[in-house]
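A.B. asks: Below, each chain spelled out in residue letters.
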Amino acid sequence: MHSATASTLDATQPAPAKTGAQLVVEALEREGVTDVFGYPGGAIMPVYDALTGSSLNHILVRHEQGAALAADAWARVTGRPGVCMATSGPGATNLVTGLANAFMDCVPMVAITGQVASPLMGTDAFQEIDTFGITLPIVKHSWLVRDVADIPHIFAEAFRVASSGRPGPVLIDLPKDVTQASIHTPGVIACRTETPAVFPLDAQGLARAGQLITAARRPVLYFGGGIALSRAEDALKRFFQRTGIPAVATLKGLGAIPTDWPGFLGMLGMHGTRAANTAVNDSDLLICVGARFDDRATGKLDTFAPGAKVIHIDGDPAEISKLRAVEVGMAGDIGAILDALHPKMGDISEWQKTCADNAVRWAFRYDAPGSGVYAPGLLNAMAKAAGDKLIVTCDVGQHQMWVAQHCRFTRPQAHLTSAGLGTMGFGIPAGIGAALAEPDATVVTVSGDGSIMMNIQELATIRRYRIPLKILLLDNSQLGMVRQWQELFYQENFSEVDLYDNPDFAEIARAFGIEAFTLEHRSGEAEAIERLLSTRGPVLCHARIDPRENVWPLVPPGKSNSEMMEA
Amino acid sequence: MTHRIEIDFEPAEGQVVRLIGLVERRGYELLGVNFQPAAMGGKGRLDMSVRPRPGPRRMETLKAQISRVYGVLSVRELTAEPLRESA
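Top to bottom, those sequences are chains A and B.
Under this note's numbering, the letters of the first sequence match residues 1 to 567, in that order.
Under this note's numbering, the letters of the second sequence match residues 1001 to 1087, in that order.
Fair warning: there could be bad hints in the mix.
Stated by the list, open to error - Mimicking DSS-like on lysine-lysine, the simulated pairs with C-alpha atoms at most 30 Å apart in a straight line are:
# : chain 1 : residue 1 : chain 2 : residue 2
1 : B       : Lys1063   : B       : Lys1043
2 : A       : Lys300    : B       : Lys1063
3 : A       : Lys237    : A       : Lys344
4 : A       : Lys237    : A       : Lys309
5 : A       : Lys309    : B       : Lys1063
6 : A       : Lys309    : A       : Lys559
Claimed, not checked - Here are a few chain B residues that face chain A, going by a calculated C-beta distance under 7 Å:
#  : residue
7  : Glu1013
8  : Gly1014
9  : Gly1021
10 : Tyr1070
Simulated from the structure, these hints should not be mistaken for laboratory data.
By construction, the Cβ of each residue, glycine as well, lies at the ideal position given by its N, Cα and C atoms.
From just these sequences and the hints, can you work out the full model?
C.D. replies: Listed below in structure tokens is the structure:
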């Protein structure tokens, strides 16, 4: 499915000798890289030496995991590969969580690691670790560079592989002797590149899908992160509008159809809306687009949409019928497939009315009793106030689900969340990456008191580069989601979830030179939102919330989505 | 049930480990492996005998997952006859 071509990378004049490190920097510049997130160390020092004087904007993070997660968010917003860099040994292993995060969420990323010099490899040298081997399961591909002359074409290929097909992270491991070596680069550097596989439109599949849609009386459009990956949100919106088929989204799909559009029923799955899960459960046809029937969306798989036929459209043929057998499967350019699908609609007016009535009947309410800060209401109001410029980056836990349930999103890039891996600590580095990727956006990191401690050192990065990140910290002095599950499924045996001895987060932020304030009562929410969003520089709002507040609805683990629990 | 799959690929550092690892991580027990290294300028070939572990596993999905690995040229399912353990 691939064809190789050759391209030229450089001028035709013979060039002076260059080091491998210089070739690395040149390769990044040639790929149009603007921002590199990293942390220097012994084995990568030649590259850092070559960085000075380059056009690259290097963001010095305070932990390599922060570099990978910031690059991840940068890529999600721009659609281009994010770049992170670290030294060998612990520098490389600290990247691992970020690489896994990008792998699970199909985010294009190029990770560059230093390695001990080639003759030392395999000798247990200082800061030597098998980075190539450790990362094999969590990268789309990887290269261990053995020859300085290979650097230009390996980098060109790395960027192409990261962003083509099903995107993902790639890794380039650079032994120190390779980056230190010099070569006289030829006037013309031949670079082997490959044309990505192209899947022609499946005429038979389109016809069959059209027939199924025409015959359906209770169809549901179920879409996921594949929409944003393939930048198919406009095609999705066109399909949604011309068919009128009620729609539900996965966690990663949120925003592809604006969440306040009529006919959009919300997120499905474990913490999905009752309207969304009921529609899927009662549907007679499921049109799955850019989603993968993952367990958080489906609940007990063999009870998911039990009466529905399935049309599955995805960018990756490996996803078709992986978990759910389908009547029609089409792999390829999601946007092109959707634009080619113009079915004659049967009468689904009764179904549309049922879904719309359910959405109203089971809409979230924000009139909770009491005077304490109510996180769902706070988030709902914050997102409305921020408007279409909002980008939310989440950490992982209860607050992540509240964001998904209660924030308004008008584009998929507005909701950056660690969906597949569920990485606590994603929020702040992701906020840094998003703010650099889209400086005009209003970037808000919503975090919890457990998650924020996972990468709190990146407050120093925010301060250093004056990144105007707004941090909304929902502090219940608990590992809230674990506590909720222990309450519901472990007979209230609360084991190691009490964070009663949290530090004063506002004081911590101030110690990093970041403005901060604390929100204690619901009556102060409007003022807090105003201050959070209007502060020109970075700011942290430390909101104390009730530790007994749970995320509802909830599908218990191993249960059908029709067995939702409510408060 | 035992399956045999044959993978042709462009030789590259770590590619054999990458492919074997993928098959195991996707939930297949490896029963036998035969590796033919590439001749100069040629392709490598892996012939694997595998058995799916419990769960929703389809050979078509595994083949598609292998096919998308960088450098893989083709994936074929051969007869169900397993490779000899000594292979």
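A.B. asks: Hint by hint, which ones does the structure fall short of?
C.D. replies: Going through the list in order, the structure violates no hint and respects every one.
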